[in-house]
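S.K.: If you want the building blocks of each chain, they are given just below.
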Amino acid sequence: GAGVSQTPSNKVTEKGKYVELRCDPISGHTALYWYRQSLGQGPEFLIYFQGTGAADDSGLPNDRFFAVRPEGSVSTLKIQRTERGDSAVYLCASSPSGRSTGELFFGEGSRLTVL
Amino acid sequence: GQNIDQPTEMTATEGAIVQINCTYQTSGFNGLFWYQQHAGEAPTFLSYNVLDGLEEKGRFSSFLSRSKGYSYLLLKELQMKDSASYLCAVSGGGFKTIFGAGTRLFVKA
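Protein chains in written order, with our numbering: chain A, 1 to 115; chain B, 1 to 109.
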């Protein structure tokens with residue numbers, strides 16, 4: 001596909017479980033971002049990759065959250081021991097480069113509900 | 001610290017003009033973006049400003065004053081489909097893009 005693809009689109013899990021969310025960016029985009037968005041709020045920065053490396057992970061709320069991008073393309077956001085407060089829409093975005101002049105192209109998001 | 005402020009909600013009439021303001025304080029500055037987000041959908045890019053002044057693109061214009069930490073998005077000839085959230089975002093030091101909480105715009109007939 002031409003756009004950013006995120007799977008699953010919806011995930012319902014129980015408190016304490018492990019969750020993986022996947023993002024497939026636009027082909028050729030080197031920069032990849034993860035955001036979290038709660039209802040009525042703007043996207044909250046989590047982590048930013050430039051290629052395979054995490055250029056800035058200062059937004060990850062705690063050590064239960066981890067993200068990888070092993071081959072510089074697909075990225076996976078991993079959440080351990082999920083809590084009800086983790087419920088949100090997790091948005092992935094990619095950009096042709098890490099330069100600030102690049103607009104972000106967003107996926108449709110993965111809606112996570114922790115019961 | 002880093003902070004982006006914009007009004008929570010605005011209401012305007014179809015065919016009118018509306019201005020959505022944004023003030024920001026960030027560590028470093030590499031540009032300011034406006035995104036549109038319809039309910040249940042992903043944000044989509046509207047505009048980018050890195051130098052002071054007005055950027056015009058069709059019915060949408062965006063203004064930036066770096067010295068004041070201030071931007072606005074101007075929407076002309078409002079249409080019902082313009083009802084959405086408008087997100088002000090700043091690319092700061094390290095090219096990390098931070099978003100405001102968004103302004104929900106309601107366009108009424």
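Everything labelled a hint here was simulated from the structure, so no lab data went into it.
Warning: the hint list may mix true and false statements.
[Stated by the list, open to error] Pair ranges (Cβ atoms, derived):
1. B:27 with A:40: 40 to 48 Å
2. A:81 with B:55: 20 to 28 Å
3. A:53 with B:80: 43 to 51 Å
4. A:2 with B:40: 15 to 23 Å
5. B:8 with A:85: 30 to 38 Å
6. B:109 with A:80: 48 to 56 Å
7. B:108 with A:72: 14 to 22 Å
8. B:54 with A:2: 30 to 38 Å
9. B:15 with A:28: 26 to 34 Å
10. A:40 with B:81: 19 to 27 Å
11. B:19 with A:12: 35 to 43 Å
12. B:51 with A:97: 29 to 37 Å
13. B:41 with A:83: 21 to 29 Å
[Unchecked claim] Under the rule of at most 20 Å between Cα atoms (straight-line distance), these lysine to aspartate or glutamate pairs were calculated in the EDC-like manner:
14. A:15 with A:86
15. B:57 with A:103
16. A:11 with B:56
In this text, a Cβ means the ideal position worked out from N, Cα and C, and glycines have one as well.
S.K.: For every hint, state whether the structure bears it out.
M.R.: Comparing the hints with the structure gives:
1. Look at residue 27 (chain B) against residue 40 (chain A): about 26 Å separates their beta carbons, and that is not inside 40 to 48 Å.
2. About 45 Å separates the C-beta atoms of residue 81 (chain A) and residue 55 (chain B), a value inconsistent with the hinted range of 20 to 28 Å.
3. Checked against the hint of 43 to 51 Å, the C-beta distance between residue 53 (chain A) and residue 80 (chain B) comes to roughly 45 Å, which is consistent with it.
4. Taken as a hint, the range 15 to 23 Å holds for the pair residue 2 (chain A) and residue 40 (chain B), whose Cβ atoms sit roughly 21 Å apart.
5. The hinted range of 30 to 38 Å is not satisfied by residue 8 (chain B) and residue 85 (chain A), whose Cβ atoms lie roughly 22 Å apart.
6. Taking 48 to 56 Å as the suggested C-beta distance range, the pair residue 109 (chain B) and residue 80 (chain A) conforms, at roughly 49 Å.
7. About 47 Å separates the C-beta atoms of residue 108 (chain B) and residue 72 (chain A), a value inconsistent with the hinted range of 14 to 22 Å.
8. For the pair residue 54 (chain B) and residue 2 (chain A), the beta carbons lie near 32 Å from each other, so the given range of 30 to 38 Å is met.
9. Between residue 15 (chain B) and residue 28 (chain A) the C-beta distance comes to about 41 Å, which lies outside the given range of 26 to 34 Å.
10. Between residue 40 (chain A) and residue 81 (chain B) the C-beta distance comes to about 21 Å, which sits within the given range of 19 to 27 Å.
11. The hinted range of 35 to 43 Å is satisfied by residue 19 (chain B) and residue 12 (chain A), whose Cβ atoms lie roughly 41 Å apart.
12. Evaluation of the 29 to 37 Å hint for residue 51 (chain B) and residue 97 (chain A) yields a failure: the beta carbon distance comes to about 20 Å.
13. Here the CB-CB span from residue 41 (chain B) to residue 83 (chain A) is close to 27 Å, well matched to the stated 21 to 29 Å.
14. About 9 Å separates the Cα atoms of residue 15 (chain A) and residue 86 (chain A), which keeps this hinted pair within 20 Å; it holds.
15. For the hint pairing residue 57 (chain B) with residue 103 (chain A), the CA-to-CA distance comes to about 15 Å; that is within 20 Å, so the pair holds.
16. Annotation: proposed proximity of residue 11 (chain A) to residue 56 (chain B) is violated, straight-line Cα distance about 40 Å (limit 20 Å).
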